[in-house]
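In case you want the letters, here they are:
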Amino acid sequence: MRIELNCPVNPGDKDRIVLAHGGGGRLTRRLIEQIFAAEWQNPHLDTNADSAILEGLSGGRLAFTTDSYVVNPLFFPGGDIGCLAVNGTVNDLAMVGAKPQYLTASFIIEEGFLLSDLRRVVASMREACRKAGVYIVAGDTKVVDRGSGDGVFITTAGVGIIPPERHFGPAAIRPGDAVIVSGDIARHGMAVLSVREGLGFESAIESDCAPLNGLVEEVCRTATVHCLRDLTRGGLATALIELAGAAGMSMLIEEARIPVAKAVHSACELLGIDPLYVANEGRCVLFVPEEEAAAALTALHRLEIGREAAVIGRVTGAGAGVVELESIIGGTRVLDLLSGEQLPRIC
Amino acid sequence: MRLLDEYRDGAAAKRYAQAIARLVKRPWVIMEICGGQTHAILRFGIDQLLPQEITLIHGPGCPVCVTPAETIDKAVALAARPEVILCSFGDMWRVPGTQGDLFSAKARGGDVRMVYSPLDALDLARRHPERQVVFFAVGFETTAPVSALAVYRAAAEKVTNFSILAANVLVPPAMEAILNSPDCRVQGFLAAGHVCTVTGYESYESLVRRYRVPIVVTGFEPLDILQGIHMCLDMLEKGEPAVANQYSRSVSKSGNRAAQELVQKIFTVTDRHWRGIGLIPNSGLALSPAYADFDAEKRFALPEGPDAGRPGAGSAGAGSAGAGRPDSICRAGQVLQGLIKPDACPAFGSECTPENPLGAPMVSTEGACAAYYRYRRAKRNAGKDGPTA
Numbered sequence: 107m108r109i110e111l112n113c114p115v116n117p118g119d120k121d122r123i124v125l126a127h128g129g130g131g132r133l134t135r136r137l138i139e140q141i142f143a144a145e146w147q148n149p150h151l152d153t154n155a156d157s158a159i160l161e162g163l164s165g166g167r168l169a170f171t172t173d174s175y176v177v178n179p180l181f182f183p184g185g186d187i188g189c190l191a192v193n194g195t196v197n198d199l200a201m202v203g204a205k206p207q208y209l210t211a212s213f214i215i216e217e218g219f220l221l222s223d224l225r226r227v228v229a230s231m232r233e234a235c236r237k238a239g240v241y242i243v244a245g246d247t248k249v250v251d252r253g254s255g256d257g258v259f260i261t262t263a264g265v266g267i268i269p270p271e272r273h274f275g276p277a278a279i280r281p282g283d284a285v286i287v288s289g290d291i292a293r294h295g296m297a298v299l300s301v302r303e304g305l306g307f308e309s310a311i312e313s314d315c316a317p318l319n320g321l322v323e324e325v326c327r328t329a330t331v332h333c334l335r336d337l338t339r340g341g342l343a344t345a346l347i348e349l350a351g352a353a354g355m356s357m358l359i360e361e362a363r364i365p366v367a368k369a370v371h372s373a374c375e376l377l378g379i380d381p382l383y384v385a386n387e388g389r390c391v392l393f394v395p396e397e398e399a400a401a402a403l404t405a406l407h408r409l410e411i412g413r414e415a416a417v418i419g420r421v422t423g424a425g426a427g428v429v430e431l432e433s434i435i436g437g438t439r440v441l442d443l444l445s446g447e448q449l450p451r452i453c
Numbered sequence: 441m442r443l444l445d446e447y448r449d450g451a452a453a454k455r456y457a458q459a460i461a462r463l464v465k466r467p468w469v470i471m472e473i474c475g476g477q478t479h480a481i482l483r484f485g486i487d488q489l490l491p492q493e494i495t496l497i498h499g500p501g502c503p504v505c506v507t508p509a510e511t512i513d514k515a516v517a518l519a520a521r522p523e524v525i526l527c528s529f530g531d532m533w534r535v536p537g538t539q540g541d542l543f544s545a546k547a548r549g550g551d552v553r554m555v556y557s558p559l560d561a562l563d564l565a566r567r568h569p570e571r572q573v574v575f576f577a578v579g580f581e582t583t584a585p586v587s588a589l590a591v592y593r594a595a596a597e598k599v600t601n602f603s604i605l606a607a608n609v610l611v612p613p614a615m616e617a618i619l620n621s622p623d624c625r626v627q628g629f630l631a632a633g634h635v636c637t638v639t640g641y642e643s644y645e646s647l648v649r650r651y652r653v654p655i656v657v658t659g660f661e662p663l664d665i666l667q668g669i670h671m672c673l674d675m676l677e678k679g680e681p682a683v684a685n686q687y688s689r690s691v692s693k694s695g696n697r698a699a700q701e702l703v704q705k706i707f708t709v710t711d712r713h714w715r716g717i718g719l720i721p722n723s724g725l726a727l728s729p730a731y732a733d734f735d736a737e738k739r740f741a742l743p744e745g746p747d748a749g750r751p752g753a754g755s756a757g758a759g760s761a762g763a764g765r766p767d768s769i770c771r772a773g774q775v776l777q778g779l780i781k782p783d784a785c786p787a788f789g790s791e792c793t794p795e796n797p798l799g800a801p802m803v804s805t806e807g808a809c810a811a812y813y814r815y816r817r818a819k820r821n822a823g824k825d826g827p828t829a
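First to last, the protein sequences are chains A and B. Take the first sequence: its letter number 216 is residue 322 in the working numbering, and every next letter is one higher. Take the second sequence: its letter number 3 is residue 443 in the working numbering, and every next letter is one higher.
Here chain A stands alone, though its shape is the one from the complex (with noise of 0.2 Å):
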């Protein structure tokens, strides 16, 4: 009989998350400071404590979100989860008209995740909070069994100010404001879409996933602005058609108006996907006074993100709260709500 003389222990282990890591001992302690506060490292993040202390939060009224991600793959073209969760709840903040200052980050972590995936994560959270100008100031870790997460699922929280003047949401919506998108849609639903298993097609489309507070200040200090919602889950599509129904407006959108790259427009037409219902992550819908729109758009052209702005239709006035949308050839449609997902169509 041959003895294998190898160590007991397998050294893979040491490149992977084990449930000991979420047992709160010293691999716990050692997870914590050398991924995360090693990553995250600012004045008002301490390991030490129980809850983050905050100053400053005061000059207005204070917005508070959270927001879970969970996507397959982890990291897609443009961006990953860690970039997801940070510019989520970013831009959740942003568009309630808030200034997002802290955020908060907790993961659940799936036995045998590679720490180097971990660490990618981690380090894309960082460079994602250093655009947005916010600081990750408390968090938390769980581990659990193989087989009963996805890798990694995050959740965050943030807080904000509003600014006293700033009185953002669908009930300020009126009669004859333009409705803007701030730059080419469906980008990152394709880019996901085209790295998923199954469905993989050769693309160059990256996601658009992005901090949107910038583009608010900007946007802000030019011209006066009604109601702001990003583009997630459901796309432009959803968003105009949630705020029509809560402002009691209707709308009429110009689909030729409607920026959308090439290279999405095609893998949209090629998989029979209507990028109308497809989600962003760094793009938002913006309504302005009409007469303020040339200047909202010269002021968005000026920024890399939003140079693609468009003002796509305008708000037709008070009643049903229905979207119309004007076809490229001069039919009309109403928009719907979509009863799930959009799935790949055969021919």
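Certain hints may be false.
What the simulated footprint calls covered on chain B by chain A, stretch by stretch (three residues with Cβ under 8 Å from a Cβ of chain A suffice, anywhere in the stretch; the number is not a length) [claimed, not checked]: (1) 448–455; (2) 481–487.
Cβ-Cβ distance ranges computed for the label pairs, FRET-style [as the list claims (entries may be wrong)]: (3) B:S692 to A:P183: 32 to 42 Å; (4) B:E597 to A:K120: 53 to 63 Å; (5) A:Q140 to B:P743: 53 to 63 Å.
Calculated directly from the structure, the hints in this document are not laboratory data. Here the structure is a predicted model, which is why all the values come from computation and not from measurement. Built from N, CA and C at the ideal position, the CB exists for glycine as well.
Chain A is already provided as a structure; the job is to place chain B on it using the hints.
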């Protein structure tokens, strides 16, 4: 992509609509065969540009909608087996069988994967030799060649853990079944351009001779459809039915010979039940005896389906396209045959919605009912709420 912009030009569309209005003298009923054309008509509002003399009715050209509930049940049963990875096109997932759909099969623990090509399913089989990978092969003549190619390669490479659930159907026999129906209102067809890219259009000539209907092979963009209607009307008004090819940038008379030969090699033509329509002779593709080893029904000894003549299964008439409920008020059968418009069904938008579909055409993205629900229902409702200020 030039291809898209050129064929969606608003000014050109209006010119075509005007030309159609000048041409038409009498009322005509034209059926577009393909669900992709139905969606384009409603999405772009093409029918709004047409004179009222022209009625477009929507044909059975949604392969997902016409797949019998019993076949979906087989896919669901396969997905429940622990050794099986069931691969399917995306729009098949929501179509209900009698035992739920593929989403529910996945929720119950089945390993169901969405693929865009049968070749991706074959690749999955290569990467998972310990599992059985089954591809749910639905579609018309358009998807059949790639399914055939997957089986051909699996045989050549001896990928023994790959098989298909063969459910492909053929368009010309369905057109003939519609023309043979005593209720048939169709006076001209827009044939499905993608199908003809593979098959060519020689086989339509005998339909034109025997039934005296013009058939125009038509594409899917707004200008394609408007031009197809114009060509069809021209023949109708002159009383000179023929086969015409609007989609010449993709379709040749003889089609894609290599694809046809591969399909003939791998598959054999068989009678097939169409959901909502019934048994149509010589309208389906089954694996030929030489490739029977790749037939999932045989490999997993599934119970015989409706095509084996089980009494009552898949029979034509109201409700037979419903979610397996004999008392269903769903009239999908008549919708699929172009006898009624989707919104003429009493269940449309009330008992039957995409969240709770009674019939397959409400589920699939290509289904006529889903297209009406998505593009027309909100407009009707908006009208009911009163005019906007």
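At least three residues with a C-beta closer than 8 Å to a C-beta of chain A: is that true for the region 448–455 of chain B? holds (count 5)
E597 of chain B paired with K120 of chain A, Cβ distance criterion 53 to 63 Å: Between E597 of chain B and K120 of chain A, where Cβ atoms are some 39 Å apart, the hint is violated.
Test coverage of the region 481–487 of chain B by chain A using CB-CB distances below 8 Å; three residues minimum. holds (count 6)
Given the hint of 32 to 42 Å, is the C-beta distance from S692 of chain B to P183 of chain A inside that range or not? Once the Cβ atoms are compared, 37 Å apart, the range 32 to 42 Å for P183 of chain A and S692 of chain B holds.
Using the beta carbons of Q140 of chain A and P743 of chain B, state whether their distance is inside 53 to 63 Å or not. 58 Å, holds
Hint compliance for this structure: hint 4 alone is broken.
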